[in-house]
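**Student:** Each chain, letter by letter, is given below.
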Amino acid sequence: MKAQIVSSWVLCFLFQSFAMAEPQLYPTGPSEDASYIRFVDTLDGNLEIRAGKDSRIELTQLNSSTPWQSVKANSPLSAGLYFKNQMQDVSVSVKPSEFVTVAAVQDVKAGLRVVEVREFSPDFSSLKVSFGFMNLVSNCSSASVRLAGKDVVIVNSVSYLAVARRMVNPVSLGVDVYCEDKRVGNTVNLNLRPGERWTLIAFPHGEEVGLMPVLDSFP
Amino acid sequence: MSSAGMLAGLSLLVIGDSHLATPSYLIDALPSILMEQGAKVHAIGVCGAMPADWLVKTPGSCGGAERTGASAAVVMTEKVFTTPINKLIESERPSAVVVVSGDNIGSYMNPVFPKTWANQQVTSLTKALSAAGVACYWVGPAWGTEGGRYGKTFARVKELDAFLKENVSPCTYIDSTKFSGQGEWKTIDGQHFLASGYRKWASSIADEIIKNPPRKLQ
Numbered sequence: 001m002k003a004q005i006v007s008s009w010v011l012c013f014l015f016q017s018f019a020m021a022e023p024q025l026y027p028t029g030p031s032e033d034a035s036y037i038r039f040v041d042t043l044d045g046n047l048e049i050r051a052g053k054d055s056r057i058e059l060t061q062l063n064s065s066t067p068w069q070s071v072k073a074n075s076p077l078s079a080g081l082y083f084k085n086q087m088q089d090v091s092v093s094v095k096p097s098e099f100v101t102v103a104a105v106q107d108v109k110a111g112l113r114v115v116e117v118r119e120f121s122p123d124f125s126s127l128k129v130s131f132g133f134m135n136l137v138s139n140c141s142s143a144s145v146r147l148a149g150k151d152v153v154i155v156n157s158v159s160y161l162a163v164a165r166r167m168v169n170p171v172s173l174g175v176d177v178y179c180e181d182k183r184v185g186n187t188v189n190l191n192l193r194p195g196e197r198w199t200l201i202a203f204p205h206g207e208e209v210g211l212m213p214v215l216d217s218f219p
Numbered sequence: 001m002s003s004a005g006m007l008a009g010l011s012l013l014v015i016g017d018s019h020l021a022t023p024s025y026l027i028d029a030l031p032s033i034l035m036e037q038g039a040k041v042h043a044i045g046v047c048g049a050m051p052a053d054w055l056v057k058t059p060g061s062c063g064g065a066e067r068t069g070a071s072a073a074v075v076m077t078e079k080v081f082t083t084p085i086n087k088l089i090e091s092e093r094p095s096a097v098v099v100v101s102g103d104n105i106g107s108y109m110n111p112v113f114p115k116t117w118a119n120q121q122v123t124s125l126t127k128a129l130s131a132a133g134v135a136c137y138w139v140g141p142a143w144g145t146e147g148g149r150y151g152k153t154f155a156r157v158k159e160l161d162a163f164l165k166e167n168v169s170p171c172t173y174i175d176s177t178k179f180s181g182q183g184e185w186k187t188i189d190g191q192h193f194l195a196s197g198y199r200k201w202a203s204s205i206a207d208e209i210i211k212n213p214p215r216k217l218q
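Protein chains in written order, with the numbering used here: chain A, 1 to 219; chain B, 1 to 218.
Errors might be hidden in some of the hints.
[Stated by the list, open to error] Examples of chain B residues toward chain A, derived with CB under 8 Å:
1) N104
2) I105
3) Y108
4) V112
5) N119
6) Q120
7) T123
[Stated by the list, open to error] Here are the simulated distance ranges between beta carbons:
8) P84/B <-> M167/A: 23 to 33 Å
9) S91/A <-> L194/B: 47 to 57 Å
10) A70/B <-> S31/A: 35 to 45 Å
11) G183/B <-> N63/A: 51 to 61 Å
12) K127/B <-> N189/A: 16 to 26 Å
13) P84/B <-> I57/A: 19 to 29 Å
These are calculated hints, taken from the structure and not from any lab test. Note that this is a predicted model, so its numbers are computed, not measured. Don't be surprised by glycine CBs; every beta carbon is placed ideally from N, CA and C.
Could you build all of it, start to finish, from the sequences and the hints given here?
**Tutor:** Structural data, given as structure tokens:
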């Protein structure tokens, strides 16, 4: 009997020691990847974005893009975009791993038009620079970006409401944008640093094409 | 290993996940080996802590441990929280921070590695370290063994290793997959090693730090 009691205590002690040594089960990361949304203002004037009762952000010509915001995947997100005396509602759902840009662009007839551009980032690097080009110009069916003054293509054949992205070396460079084979806008000079993620946005600006380099940021 | 004293004069802050959160795990072996080389070491493990959890005080999910100098690791049994890295750096002024974080972002149960989420986790911590101007090392996952309770596979370790190698700069990446063959170090659950495996891992990590002395970040 005494031997049985001692054995039981030994077993309890051993079990407790093992339980203390063994880490608890815990998930090593989320069940699905992160999703992101941002808003961009390409208009001549301030754009206010309102979501819910009290959340509002104002974009200006100096601060024309929100940071990327992490959102719940596959869940409809609503917002109202206000520009001068116009307003447009948007409802967007973002998939896991997706980056969605909601952009306010000029519309010749309506004044304000809201478009969405979706992308899945192919890769990340803290050693190189992620360079993306986004085409918001409806009469530019195929856009490309080349090194300024050179016949070196960085991204090619970017259709309307599409984005192309690639890794480039962290250097200072000038780039030109072409719609089909016609150069549009002025040379954009970029000082690229390791780990950065850029999106160069082409947008309608009056009769011409405006170019806006955005350094993507996360909160 | 090289002769003793190779890390003399350095103070190292080691932070990380469950591999540092239980005595007889890395929290025993790694500080001991680093101290044999002359370093002063403070190690903190918070089980379940993701890299970004070290930016603000965040609860762990399964305990933790802390070891200061030659004292034995103290197991934290009450609710465990991370200490924000900026606070740790400010109070301790370490020569370098060593981050042990790989398995905890592997998402082993998910058929697809959540690269976007993992990138944000890693870069938010590396940016904080860079902003603080402190040298840093990032220790990636070792192979482990397949078929364990956490779903760890060699294919995912390879993918995670490649991802971390590309994304932890300006921290110096310590590739743990170079230290052993696949499945060579036995585990209790696919992920956590026997004491002998932790000693080998710790020794290899210390060797890498000796070969790559801390460089203050610009």
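**Student:** Taking the hints in turn, state whether each one holds.
**Tutor:** Hint check:
| no. | hint | in the structure |
| --- | --- | --- |
| 1 | N104 | holds, 5 Å |
| 2 | I105 | holds, 5 Å |
| 3 | Y108 | holds, 5 Å |
| 4 | V112 | holds, 7 Å |
| 5 | N119 | holds, 4 Å |
| 6 | Q120 | holds, 6 Å |
| 7 | T123 | holds, 7 Å |
| 8 | P84/B <-> M167/A: 23 to 33 Å | holds, 32 Å |
| 9 | S91/A <-> L194/B: 47 to 57 Å | holds, 54 Å |
| 10 | A70/B <-> S31/A: 35 to 45 Å | holds, 41 Å |
| 11 | G183/B <-> N63/A: 51 to 61 Å | holds, 53 Å |
| 12 | K127/B <-> N189/A: 16 to 26 Å | holds, 25 Å |
| 13 | P84/B <-> I57/A: 19 to 29 Å | holds, 27 Å |
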